[in-house]
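Peer 1: Okay, here's what each chain looks like letter by letter:
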Amino acid sequence: MNPALSVILLTTLIGAGQGLFLALFTAQSYTLFGLLPKAADAQAFYTYGSLIAMLLLLAGLVASFFHLGRPERAWRTATMWRTSWLSREVIVLPAFMGTVFAYGLAHFSGVNPVLVTLGSGIDIDASVVLGVLGTVLAFALFLCTAMIYASVRFLREWATPLTVLNYTLLGGASGFTLAAAFSASAAPERLGFFAAWALVLTLLGAASRSASLLRNARLKPTSTLQTAIGIKHPRIVQKSQGFMGGSFNTREFFHGRTRATLRAVKWGFLLAAFVLPALLLALAVWQRSGAPLEAAFIVQFLGLLAERWFFFAQANHPQNLYYQAIA
Amino acid sequence: MTQLALVIDLNVCVGCHACVTSCKQWNTSGSAGPLADFEAYGKNPTGTFFNRVQTFEVGEFPNTQTVHFPKSCLHCEDPPCVPVCPTGASYKRASDGIVLVDYDKCIGCKYCSWACPYGAREFDEERKVMTKCTLCVDRIYDQALPVAERKPACVMACPTSARLFGDIHDPDSVVSEAIRDNAGYALMPEWGTHPANHYLPRRKTPMHIHKDELVRVDNPLKIDGLLPKPAKSEPSLDDVMSW
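As you go down the protein sequences, you meet chains W and U in turn. Each residue of the first sequence is one higher than the one before, counting from 0 in numbering that gives the first Met the number 0. Each residue of the second sequence is one higher than the one before, counting from 0 in numbering that gives the first Met the number 0.
Incorrect hints may appear among the rest.
Claimed, not checked - Derived pair list, reagent style DSSO-like, types lysine-lysine, alpha-carbon separation capped at 30 Å:
#1 42(U) x 238(W)
#2 231(W) x 203(U)
#3 109(U) x 238(W)
#4 91(U) x 127(U)
#5 104(U) x 127(U)
#6 127(U) x 109(U)
#7 109(U) x 265(W)
#8 219(W) x 238(W)
#9 238(W) x 203(U)
#10 91(U) x 104(U)
#11 42(U) x 109(U)
#12 150(U) x 91(U)
#13 127(U) x 42(U)
#14 150(U) x 127(U)
#15 109(U) x 150(U)
#16 109(U) x 219(W)
#17 109(U) x 91(U)
#18 219(W) x 265(W)
Claimed, not checked - Label-pair distances were calculated between CB atoms; the ranges are:
#19 101(U) x 288(W): 41 to 47 Å
#20 4(W) x 92(U): 35 to 41 Å
#21 180(U) x 138(W): 51 to 57 Å
#22 257(W) x 180(U): 47 to 53 Å
#23 152(W) x 1(U): 23 to 29 Å
#24 115(W) x 0(U): 55 to 61 Å
#25 24(U) x 209(W): 51 to 57 Å
Keep in mind the hints are simulated off the structure, nothing from the lab. Cβ coordinates follow ideal geometry from the N, Cα and C atoms, glycine included.
All chains, please: the whole structure from these sequences, using the hints.
Peer 2: Shown next as structure tokens:
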């Protein structure tokens with residue numbers, strides 16, 4: 000497939016936004032149950048954290064519109080949620096954004112009434128309810144985004160549960176790394192908590208992405224030129240694809256890069272998305288210092304852009320069998 | 000149930016591209032708007048087509064076959080491109096099984112083209128919507144046309160009648176008979192899409208030449224061979240000349 004920048008930005012930006020929100024609410028849950036000390040300025044921490052998550056989600060949403068030929072009709076996409084994962088994503092994304100907004104607003108305005116008090120004296124206020132709802136929606140959004148790709152069974156490289164796992168873990172890793180970088184200035188006492196979680200998620204993401212790379216390296220194509228044109232002969236060569244210039248079929252489904260480029264991008268993203276951030280995060284946890292965290296987030300995000308590019312470029316569409324020779 | 004479809008006879012197709020040009024002509028002139036072309040006379044001409052003819056060489060020289068392969072939407076009975084559409088613009092008509100795109104609902108996200116293993120859909124860069132073969136839905140029901148012409152433009156144009164059109168759910172239709180009698184097959188059966196369009200394979204028409212067809216038993220020229228040959232001891236012309 001030919002990677003589209005709009006889709007690369009959409010999936011990486013909203014992934015980081017979702018991860019950041021999950022990080023914020025994880026910290027709030029830990030605090031709620033007394034596992035983490037209260038932040039010095041909780042209101043500012045959660046408000047600005049939610050704001051950054053909102054901006055990332057908004058930027059992803061804006062990027063997604065550049066993928067559409069007719070963006071003015073985008074409202075129609077919410078209609079086919081019964082069958083289409085893309086439609087489901089279009090419903091869940093605004094719902095999640097609305098929840099993040101309400102969550103941030105509850106913290107910012109202080110309008111955060113206690114709804115229930117648990118037996119052990121733990122107050123469940125509105126922000127906790129919104130946080131739980133947001134967490135469910137964040138995971139639902141990871142599922143929807145990944146299933147858009149994993150449900151296309153013709154693209155064997157994508158059609159695996161590992162795709163869902165990767166989207167979730169990689170989005171979570173970048174979000175937690177961002178939370179750690181953000182906490183370095185906003186709530187330094189939580190830096191170790193976020194950085195440690197970011198490290199765990201980065202390592203888990205490295206494991207699951209490596210697993211999908213290994214899986215894809217062993218894939219055998221289901222369709223062959225023999226089944227594509229229905230002729231049984233071991234040697235079939237295309238002599239003409241029917242036209243000399245390009246067409247949608249030659250532009251959308253071929254990345255046009257060499258194998259060497261693909262290999263370089265693969266090792267590049269393994270280094271930038273996993274190895275370097277893991278080292279920087281480990282350094283931050285070890286030294287309790289926020290200095291390496293901004294670099295960790297930037298390097299990891301660039302690495303994830305490369306990862307997403309590779310994700311699309313690696314997928315080999317069966318229609319390519321029909322476009323092997325110009326003339 | 001009706002399932003309209005094309006049956007394409009690879010044994011007859013000569014790769015003349017008449018179906019390609021007639022398809023383009025008909026569908027670029029319709030009410031749905033033109034199939035855009037860019038740089039038509041430039042270095043890299045490109046444009047939207049619903050139908051392409053490709054050429055494959057099967058086998059190794061000198062035992063090769065050139066196969067011309069017309070390729071358009073197969074109007075799958077279980078079309079994978081339809082459920083993925085987020086707006087419902089991509090749909091399969093229950094009445095006749097034609098897979099269509101509602102150009103007024105399409106948002107141009109191209110997801111349906113990813114979900115088609117055959118690459119049958121082409122995004123129109125001018126209208127910014129996904130387009131595909133309509134089986135000339137604006138032709139086949141046109142009451143203004145004579146009944147014999149209520150067929151897709153490609154079928155009308157084919158000079159060798161390599162393209163048949165009809166209802167593959169009707170066992171007595173010309174297409175069902177052709178599929179049955181000539182071993183019609185579907186493309187990429189491994190995906191379970193059940194394409195409605197079928198292809199008829201190349202068929203060898205071997206010529207069996209028996210010896211008696213080369214040498215006629217009643218050939219008058221061969222009657223000489225039946226005459227008794229003179230024995231070696233009998234006088235010949237040589238004997239006369241050498242004395």
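Peer 1: Now tell me, hint by hint, if it's right for this structure.
Peer 2: Comparing the hints with the structure gives:
no.	hint	verdict
1	42(U) x 238(W)	holds, 21 Å
2	231(W) x 203(U)	holds, 14 Å
3	109(U) x 238(W)	holds, 28 Å
4	91(U) x 127(U)	holds, 21 Å
5	104(U) x 127(U)	holds, 11 Å
6	127(U) x 109(U)	holds, 10 Å
7	109(U) x 265(W)	holds, 26 Å
8	219(W) x 238(W)	holds, 24 Å
9	238(W) x 203(U)	holds, 22 Å
10	91(U) x 104(U)	holds, 14 Å
11	42(U) x 109(U)	holds, 26 Å
12	150(U) x 91(U)	holds, 19 Å
13	127(U) x 42(U)	holds, 23 Å
14	150(U) x 127(U)	holds, 28 Å
15	109(U) x 150(U)	holds, 29 Å
16	109(U) x 219(W)	holds, 26 Å
17	109(U) x 91(U)	holds, 17 Å
18	219(W) x 265(W)	holds, 20 Å
19	101(U) x 288(W): 41 to 47 Å	violated, 58 Å
20	4(W) x 92(U): 35 to 41 Å	holds, 36 Å
21	180(U) x 138(W): 51 to 57 Å	holds, 56 Å
22	257(W) x 180(U): 47 to 53 Å	holds, 48 Å
23	152(W) x 1(U): 23 to 29 Å	holds, 28 Å
24	115(W) x 0(U): 55 to 61 Å	holds, 56 Å
25	24(U) x 209(W): 51 to 57 Å	holds, 53 Å
The structure fails to meet hint 19 from the earlier list, while all remaining hints are met.
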